[in-house]
Amino acid sequence: EADIYQTPRYLVIGTGKKITLECSQTMGHDKMYWYQQDPGMELHLIHYSYGVNSTEKGDLSSESTVSRIRTEHFPLTLESARPSHTSQYLCASSERRPPWDEQFFGPGTRLTVL
Amino acid sequence: AQTVTQSQPEMSVQEAETVTLSCTYDTSESDYYLFWYKQPPSRQMILVIRQEAYKQQNATENRFSVNFQKAAKSFSLKISDSQLGDAAMYFCAYSTSYGKLTFGQGTILTVHP
Chain L
1 EADIYQTPRY LVIGTGKKIT LECSQTMGHD KMYWYQQDPG MELHLIHYSY
51 GVNSTEKGDL SSESTVSRIR TEHFPLTLES ARPSHTSQYL CASSERRPPW
101 DEQFFGPGTR LTVL
Chain V
1001 AQTVTQSQPE MSVQEAETVT LSCTYDTSES DYYLFWYKQP PSRQMILVIR
1051 QEAYKQQNAT ENRFSVNFQK AAKSFSLKIS DSQLGDAAMY FCAYSTSYGK
1101 LTFGQGTILT VHP
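If you're matching them up, the sequences are chains L and V in order. Just so you know, the first sequence maps onto residues 1 to 114 in our numbering. Just so you know, the second sequence maps onto residues 1001 to 1113 in our numbering.
Hints should not be assumed to be uniformly reliable.
[Stated by the list, open to error] Cross-link-like lysine to aspartate or glutamate pairs, in silico, DMTMM-like; alpha carbons within 25 angstroms at most:
#1 L:K57 <-> V:E1029
#2 V:K1073 <-> V:E1010
#3 V:K1055 <-> L:E102
#4 V:K1070 <-> L:E102
To be clear, the hints were calculated from the coordinates, so they are not data collected in a lab.
Here chain L stands alone, though its shape is the one from the complex (with noise of 0.2 angstroms):
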């Protein structure tokens, strides 16, 4: 079944480690993006890529790095965990159905940096 998947669900990790959030899909989407949510607060737009080698920084400046190598993937890096970057983070990848986009979303990842 075609869908977004995203792991871990749920990270504990203390600071100044490194860490790598997953996110994959399986509808062969061109554009892909990150957003990170605090909790009961709006989606903030930090990454996004229009297809393999492409990303660009979002709305919202984060310390994370993204890449693009292959189609289906495109995680999302901190290089040095701190406590500020404690949030939830979504991925999404959006397919094209004229003349807008439609996005669909992963389940999300809710990091905790002690």
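Knowing the structure of chain L, use the given hints to seat chain V on it.
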């Protein structure tokens, strides 16, 4: 820059009743799209309904309908015959044809049996 504002942090409704969630936006674009997304507790966000700005007719999807007022930059969501499964956080969102979404702050909807 585009902004989306949801002025109702929380709303509640009795089962089987109707509730309306408000959303206003600001943009200088003439061609854009508006969406309502539903985020149930601990579950994936899903698209509820969408509206193309160039269409005057309000979108409907079963029990969900919108009231799109382009001049007023208003885009409200009406849920008819509310069900317990409608309880969630609802986000209003805006995009252009490039696909990037700008979200509002969200409205938590509680449905009372």
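Hinted pair K1055 (chain V) and E102 (chain L), Cα distance within 25 angstroms: Between K1055 (chain V) and E102 (chain L) the Cα gap is close to 17 angstroms, so the pair holds against 25 angstroms.
Holds or violated: K1070 (chain V) to E102 (chain L), with C-alpha atoms at most 25 angstroms apart: holds, 21 angstroms
Agreement of K1073 (chain V) and E1010 (chain V) with the hint, judged by alpha carbon distance not exceeding 25 angstroms: holds, 21 angstroms
Restraint status (C-alpha distance of K57 (chain L) to E1029 (chain V) at most 25 angstroms): holds, 22 angstroms
Of the numbered hints given earlier, the model fails none.
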